[in-house]
Amino acid sequence: MMAIRELKVCLLGDTGVGKSSIVCRFVQDHFDHNISPTIGASFMTKTVPCGNELHKFLIWDTAGQERFHSLAPMYYRGSAAAVIVYDITKQDSFHTLKKWVKELKEHGPENIVMAIAGNKCDLSDIREVPMKDARDYAESIGAIVVETSAKNAVNIEELFQGISRQIPPLDPHENSNNGAIKLGKQTSQTG
Amino acid sequence: MAADVHRKKGWEVPNGSLAPGDGQHVERSESPTPGLAQGTEPGAGQEGAMFVHTRSYEDLTSPEDGAAAVRSPEERQGEPAEPTSMEQISKDFSELSTQLTGMALDVEEEIRQSKEGKLEPSPQTTRRDSVLSGKEEEDVTMDAWRMHRKHVFVLSEAGKPVYSRYGSEEALSSTMGVMMALVSFLEAEKNAIRSIHADGYKVVFVRRSPLVLVAVARTRQSEQEIAHELLYIYYQILSLLTWTQLNHIFQQKQNYDLRRLLAGSERITDNLLDLMAHDPSFLMGAVRCLPLAASVRDAVSTSLQQAKAKSLVFSILLSGNQLVSLVRKKDQFLHPIDLHLLFNLISSSSSFREGEAWTPICLPKFNSSGFFHAHISYLEQEMDLCLLLVSTDREDFFTVSDCKRRFQERLRRRGVHHALQEALRTPFYSVAQVGIPDLRHFIYKSKSSGLFTSPEIEAPYVHEEEKERLLGLYQYLHSRAHNSSRPLKNIYFTGPRENLLAWVTSAFELYICYSPLGTKAGAISAVNKLMKWIRKEEDRLFILTPQTY
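Read top to bottom, the protein sequences are chains A and B. At position 148 of the first sequence the residue is numbered 148 (full-length UniProt numbering), and the sequence of numbers has no breaks. At position 137 of the second sequence the residue is numbered 137 (full-length UniProt numbering), and the sequence of numbers has no breaks.
Isolated chain B (complex conformation) (with noise of 0.2 Å):
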């Protein structure tokens, strides 16, 4: 126990963040595997991580967590920076931070004239972009509404409606009202809600002043997991408004109606949820990387490393929800969730299929407190390639521009675009290739690198319901092995229709699925073998040599 204390308090870097340790974590003498220490398990990186390090799920869900987030930004300013490009960021963003005034002045002056009663609110300022979500407004008194699985809702503090995933905002005032009332009852107690378990339902509560997020979930999942689902609608959040601006409007005004200002993100907040519903990534807070080849991939990240520009920060090559290369800047590290919140942003529009798009952005788990600029372009149009760009300047446009142009003449140079176009034709690998018969379904993290990989979902589980019965057992197996009050590390689950074997060390994270007539000991002896084809594919699987400009 002494040695993990250890170790937590080895992460922990002035400035608040959390950076990789040095690699000298010694694994736990208990440990199941003393042969696979942390920095060598199979997709360990070889040249450190690219990530923050989370202390896997528990850091998303920790409250200090949300102590870290509700820290003022001047409190951060006054903490010794690191004294390398850390300053250079810092400085970057105190120049960020007089555009960031300048969209708060804004609001200002609107809130100041509504004071004043000489601004009659606009109606259509607070319509929900109906036409464009292409999403039809349910009628939240019909049955169809009420049997969602999951209901998401945010409020602000003066129970006014932010968001709700299904049904009009407007309709759901008064239901939002008495959720406010709820939180508000008990916090006059000195207390607070958490969740309400009632009648096959979970009512899950968190608050993040100034805003409150409520589920109501008929799924499987813990209090624990919902709850860090409602944690990356408020990062999602965050990343539109900075915490910064959303702290200072509902300090000048508390009855705001956020919604005008998060007018037209509904869709990304719908894509994030039902994103979560079917993408492992987020259960597992590791990110998934295209399979290639190391040759390859080694190619493409040299190619995005040389493309530099000073403002950049970070250049992040993607496809689908996958991983295809991240080059960083010298000590300057990408969280996971920030870097799944990207995802998400380009998953949930097409509107960057047409030309290069250029928008402000805030990496909550980066700096809660300015936005990074980020470029944003398919590499060609009928190729599923998407060039990212993260810039800490909003005036570096072309310099950027740039940089794609010259990371796509030194692919071309390389002579690598081919073998590309073929890797992203099978963006998946089957579960047959590991040559397993009984192996449906496995998912692998390695802890250090913070990437996971998993084959493709195949028959059985065909349709969509299948397949999130299939995540909902996985989701199931990691809320009972990282339960905070009894965490296990190995379990053996047998269903009516598979079998599943979770097996959780310090180094890495396994859940296999495979046939229900399949046995316990072949179970076992399934893992040794599927350990060493990862082993002998990690290069393809994984990003182990990840590079900085």
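Okay, chain A solo, but in the shape it has when bound (with noise of 0.2 Å):
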């Protein structure tokens, strides 16, 4: 029997830049090319191993559009990683992908483990982010960072692996001190 670890993580990104379709692609294994932007926010669960530990992933999709940008706290307190998805064929989306690094960096979780994804890989011949960048921004905040295709199902798996492994072991004594937290009936208790 192994222990289950309870995991929020949300998604946060410009409009567009497929955060919908990474999730979809990793709960479902499915890609829809017609999807409707998110509205609110969207959320999902899915369940992984992880060492001698379950991971289940609480996943919070949150809508890119500027209206619900100041519903993001809600989303990303309590989170123990962030996933901050910009579009490889959009500088734009870069640019809103560091403002979303500062935020977290202001009044996100301490430990709140960042992973960058720069998604639609699968478009390079139309790139306006160059790998080089999205990996020096990375390093200098500490950030995991992958090239990502929901369409083409690449890096989708992995960009969870790499947040499973910084996920730091449950110490038996701390409960819920790193990050993660039970979410639940004591919901109201994380606010």
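Hint data in this document are derived by calculation from the structure and do not stem from the laboratory. Some hints here could point you the wrong way.
Said to hold, decoys possible - Covered, in the sense of this in silico footprint (three residues per stretch, anywhere, with C-beta under 8 Å from a C-beta of chain A), are these stretches of chain B:
(1) 263–271
(2) 342–350
(3) 353–359
These figures come from a predicted structure and were not determined experimentally. For each residue, glycine too, the CB sits at the ideal point set by N, CA and C.
Make the complex out of the two chains shown on their own, each in a separate frame, by following the hints.
Below you can see the structure in the form of structure tokens.
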């Protein structure tokens, strides 16, 4: 019997970069070309083994549109990890990503694991953001970085495995001190 | 007439909203159906209504409606609230207002920065999400653009484009400038422009400060009906932003570009306009129910009712644009307009198909100053059954999500799952079931329940334009029946391709469409037979026993 740890993960990033597609690929191994923009936020879960633990990802896929911006703290608050997504074919989306990192540094949980995903790497012939830029930036802020393609299922599993590895192992004496929190009846206390 | 005035008074409640009367409305004596007083017509709820009573169509377009919307929230708060759970709701809303200001502050910050010249307007913020909307932007100089039957434009009072149904707003900014100039020109003379009629076009203006809405239509709709559709667009925008936030933004900065806050919502507005062109719900100001055996519906409603939580105000189960069940907090009533906006939101986005969505939503007719938080999810991947749980607490996701789980569990235990699935297979019934050979189609609305029923549109109305033509005929009859200066009770319309009959009483509205070869006498006997059939089927076609938590 393996212990199940619940990890709250939120996805942030500009509208249209593929946050929902990444989640959909990860959770259901499915890709939809005509996916509608997320409204508000969407919640899904997926459990994956990690070492001798099971990690249950509680994934909050947030809407990238500006009018939902002010809701973001509700989703990154108490998160063990944040996946910040940009579109490698859109320089603007990389700029937005930096704004999200800044906000997380200022207002996010202290030990939050940050993972940068450069999505749509299947479209590298119209790339605007060089891989090196993303790598240098990720290094400067101590984040995981990976280029993904939700469409072709490239690096999606790896992205979440990378997060799993960064989560400090559970200290039995110190519960929920590492960003991983139990959700459910106690939700109100996490606020 | 005196009775009429008295009735309207009876509906006003101190908090400025409208609530159903207590069922003591007496049918006026000159009514052609003395046996059908309001509340006893087919489809009338047995235990009161679940909606706020609209005084039907006029309610939506009357000037006082606008006046109510323009009142400040302070004024609202100053009014005596009903001492029931209304207090709780208003408390919830004042709590909500903190997060509202949160959002407004965000904008405020930007406005300040931009005033100080710190913030470069980034090009991405104003672009229309053309990649996602899946709709090619049209060239507004082309004839094809001019040929659209109905254009809709929304602009700010500074003349800045907010929305255009066809073509990009940027390309239309000078056109919108002209529209604003027209509005301002007449206002300078203490006058208001309402419409321009020329060359087969109607240009209709609706002013809802800080926005101006304009339609340019070649349809047969009356000016009043087009204005009514524009109001829906206005409410749609309020449902995304709230009235409070919208006003706050424009008070801070008159020439704010609202498109950045509405980015990504264009498809919701587009969808609403498309829906209004073919769904009679909007015309009728009423809601259509999924035909369902009463026992199944009751089981669904009871399951929904039992899966309650403290913060829940409405639990709504719907399929397509039809209502399956609605459970509400005691003393809280949903307005049909708000429900239509929810239906539209769900039908305009496929994103709710995955996972559980949690989104702020303002129900402008319920309270235009605050957000509710809606949990939206489909019960099963392949089943067109969407559950909407409306909560007052944005932190309550997991509690509300648990309500969904409990609801599904109860549904399974009651064993109605299969029956529900079966009903979803035939979401519309055929007019042939009525057994009147010449009858092609009808719309019947029960005024006291705010519900209507209508069969599937069948041959000869097969093509989309034929269906829209039929709805156009209903719109025409409706506008004649509800003409504010000369309302009509009975209309008999003979056309080259069909005959129609409209019958409007204080209890119901009935519109029937039948063969052009039929006679007037035949139509009248058809009406009697149809009314009997609706009475017989009412527990399947309507929700007769609405539930509260």
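Hints, verified against the model:
{"no.": "1", "hint": "263–271", "verdict": "holds (count 4)"}
{"no.": "2", "hint": "342–350", "verdict": "holds (count 4)"}
{"no.": "3", "hint": "353–359", "verdict": "holds (count 6)"}
The structure is consistent with each of the numbered hints, conforming to all of them.
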